[in-house]
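Q: Using the sequences plus the hints, can you model the full thing?
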Amino acid sequence: MKSYWSEEKVMAAHRTYLKGTFRGKYHAQRIDKLSRAKTEFFDMHVYDVEVILEKVKNDAEGDFPENKSLETFSGTFAQSVNCYDPKSESFFKLNISEPKIADPKISLVTKEGTEQLGSISGTLYGSLLEMKETIVRKEHFISDPVAPSSGAMPLSNHPEWTRTAGHEFSYTGGNRYRRDQYRYHTGSLHWGSWYTVRNNRVTTASAFGLLAGILLCILFLFFLISLSWPGIIFIGIILSILLISRLTNRRFSRVFSAVIYLLFFLFYFGGLAVSVFRGSKRSPVKAPVHQPDTRDYSRTKPVKKSLKDTNRDTTGADQWIIHHRAWEDLSGNQYEGDVRVLKSAFRAAENEHLRMKGVSGLSDVYRNMSLSDENRMQGIYPLFDSLRKARNLDEANFAGMLVSFVQDIPYNTITDGTCSSDNTDLLSASPAGNIAGCLGYVPYGVQSPVEFMANFQGDCDTRTLFLFTVLNHYHYKVAIAGSDAFRHSLLGIDLPLPGSAKTAGQDRYVLWETTSKGFSPGQLSPEIDHMDYWEIYLINKPSI
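So for the sequence shown, the numbering used here puts the first residue at 12; every next one is plus one.
Because the hints were derived from the structure by calculation, they are not lab data. Hints are supplied without guarantee of correctness; some may be wrong.
To be verified - List of simulated lysine to aspartate or glutamate pairs, EDC-like, C-alpha gap at most 20 Å:
(1) K116 x E82
(2) K30 x E77
(3) K36 x E100
(4) K68 x E109
(5) K400 x E347
(6) K36 x E123
(7) K122 x D43
(8) K354 x D405
(9) K513 x D59
(10) K122 x D505
(11) K528 x D540
(12) K488 x E546
To be verified - The following label-pair restraints were derived from C-beta to C-beta distances:
(13) D96 x A71: 19 to 29 Å
(14) L128 x P97: 49 to 59 Å
(15) F75 x Y182: 55 to 65 Å
(16) D518 x P454: 41 to 51 Å
(17) H484 x S108: 39 to 49 Å
(18) K528 x N93: 47 to 57 Å
(19) A337 x F52: 57 to 67 Å
Bear in mind that the values here come from a model prediction, so they are computed numbers and not experimental data. Yeah, the Cβ is synthetic: ideal placement off N, Cα and C, and Gly gets one too.
A: Following this line, the structure appears as structure tokens:
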């Protein structure tokens with residue numbers, strides 16, 4: 012009997028056990044299927060967790076005894092967790108596995124229908140899981156095959172034995188031997204006797220056949236591109252035949268294999284001929300064109316002489332710039348109505364924008380534009396006021412209606428330079444990739460809220476600045492977040508909602524994408540969902 016040694020790499024789990032006091036916020040959704048009249052069950056998500064570590068144990072010391080009687084927290088626990096170690100006076104961000112909460116205390120509970128929001132504190136138990144690679148040596152034994160005098164001695168014909176798919180080969184004295192694994196009726200497994208099998212040596216013919224098969228598969232992939240579903244169905248039939256052959260341990264004859272290869276070649280060259288014929292008759296494909304909502308339109312209307320406005324030029328006749336919009340929010344609720352801006356207010360905002368000099372940072376630019384346009388937006392708010400009252404919208408749904416209004420407006424690039432097509436910074440300006448147009452030579456590359464409502468051309472920070480101004484009017488706590496790395500701007504709003512967020516002091520601002528439809532609060536594109544690259548540019552102080 013021969014033997015050999017092998018080395019295997021095994022991943023072993025090592026844990027560090029933690030105990031500490033924690034506090035955080037939670038959002039809970041009632042589970043209607045489990046809840047009863049006097050008993051309610053909630054699916055809880057805990058976030059903004061801060062932990063003060065009390066004690067740490069390594070893997071050799073083992074877990075805390077009191078932790079064994081606790082159940083693992085069944086909700087979701089936002090990772091990573093902010094931890095503070097009083098001994099080293101250091102802060103860490105850790106991913107805590109299997110969190111367990113002892114003596115939980117819930118406070119500041121706010122109920123909204125089937126949802127609850129509030130704060131939670133208590134003692135937190137958990138562990139840090141680290142997978143380490145170790146090498147294990149293992150000895151394998153090989154039985155010496157014995158050539159049978161009268162061929163194989165199969166057990167498959169015996170009623171109490173069933174051959175399984177398990178088998179192994181051995182080479183001795185230039186011969187090739189095989190033995191199969193059988194299952195007894197009691198469930199035990201046993202190896203059968205060794206028997207001689209054909210020695211499949213690699214020949215020039217077999218190597219050529221293998222190479223031809225590989226090339227055939229590559230050609231067939233190109234064929235599938237042109238023939239689509241018929242080709243996929245044919246491949247499925249062939250793969251099914253090969254799979255059945257593998258499971259039943261049966262091989263097809265040379266004639267059958269030759270027929271299969273012939274069908275492959277005929278099917279490929281036939282499909283290639285059809286593709287060439289179709290290609291000569293096919294007209295060029297046009298790029299899809301964005302179809303705007305037929306209910307949207309713009310117009311102008313003279314202002315009545317009795318209207319007085321200190322922010323417009325009274326030397327000539329004034330006009331309303333009116334945009335009729337129809338849109339829907341994330342829940343599918345439909346909205347429709349007019350927003351309007353005085354042409355004199357638009358000219359005043361443009362002139363003030365052009366005269367803006369000496370402002371070094373975008374934060375000051377945003378602040379000046381928002382303050383300057385506060386009294387020029389009297390034609391914007393009536394639509395939103397009427398929709399809020401008619402639909403009885405709460406704080407979160409009203410904010411969703413406002414953001415979806417802006418998301419519905421086609422995206423336009425705003426740049427302080429030229430709108431040349433080879434400007435690579437403009438190609439990735441919109442996350443959805445659908446850029447309706449470009450407005451060039453605009454100072455600071457951003458339009459004020461009134462300018463945006465007058466020409467309906469806005470990029471990321473033009474949109475966030477408009478929403479910042481509108482939501483400030485309605486006494487929301489809002490912020491403008493920006494990223495130099497991603498060259499993008501997002502709206503931040505202080506609402507108890509899950510998702511990606513930035514903190515400023517004691518306030519948590521959920522980030523909201525405004526440049527494309529379908530983005531909910533806290534939902535960002537994966538390529539920009541990295542909070543370390545975002546900072547808060549501007550925060551309002553709403554007056555209540």
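Q: If any of the earlier hints don't hold here, list their numbers in rising order.
A: Numbers 3, 8, 14, 16, 18, 19 - these are the hints that the structure violates, sorted from lowest upward.
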